[in-house]
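Enquirer: Sequence:
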Amino acid sequence: MKCFTRWKLECDHPFYDLTKINRQIERSFNDWARYTKLTFRQAAEHEDADFNLAFEYGEHSDGSIFDGRDGTLAHAFYPWQHNRGQIHFDSTEKWTDKYNGKGYNLRLVTSHEVGHSLGLEHNTDNKKSLMYPFYNLILPEDMLPKQVSEVFISSLS
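454 is the number of the first residue of the sequence shown in this note's numbering; add one for each residue after it.
Treat the hints with care, since some could be wrong.
Listed next, the in silico DSBU-like pairs over lysine-lysine satisfying Cα-Cα at most 35 Å (straight line) [unchecked claim]:
{"hint": "1", "residue 1": "Lys-490", "residue 2": "Lys-551"}
{"hint": "2", "residue 1": "Lys-581", "residue 2": "Lys-547"}
{"hint": "3", "residue 1": "Lys-547", "residue 2": "Lys-473"}
Hints were generated in silico from the structure; no laboratory data involved.
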């Protein structure tokens, strides 16, 4: 039996195309769905969501302050934390849907943060891991499941 979860983006970011942002976020959730029994879908405007994503800056009332450009890119909360399901991106960063090293790839960062929201911690042993604590450009075909613990993937199944 599959577990269905919903995500919602609260986006009023003036510099980015909302269609591209939604596409990158959807692909991130699909990356996880491909290797688990989880199914993700974007919540309708009137629906509650299990994952709430937003672009924020500076102090934004969750205790995790963004430090400006080229600092902390995003943060998420673990399933056991009070703010579980919240994923925030620093709106001052240069976000992109490209894999050319110019800016930060939104799909990669979202996939990393969704990993935290699902309970995965950082992997400091492998610089090519999706869950490495620092941003590394990884092509989509190399993100999952190689860099994710098989134990974790099987625990979601």
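Enquirer: Compare the structure with each hint and give your call.
Expert: Hints, verified against the model:
1. Lys-490 x Lys-551: At roughly 28 Å apart (the allowed maximum being 35 Å), Lys-551 and Lys-490 satisfy the hint.
2. Lys-581 x Lys-547: 22 Å, holds
3. Lys-547 x Lys-473: Holds - the C-alpha atoms of Lys-473 and Lys-547 are around 14 Å apart, at most 35 Å.
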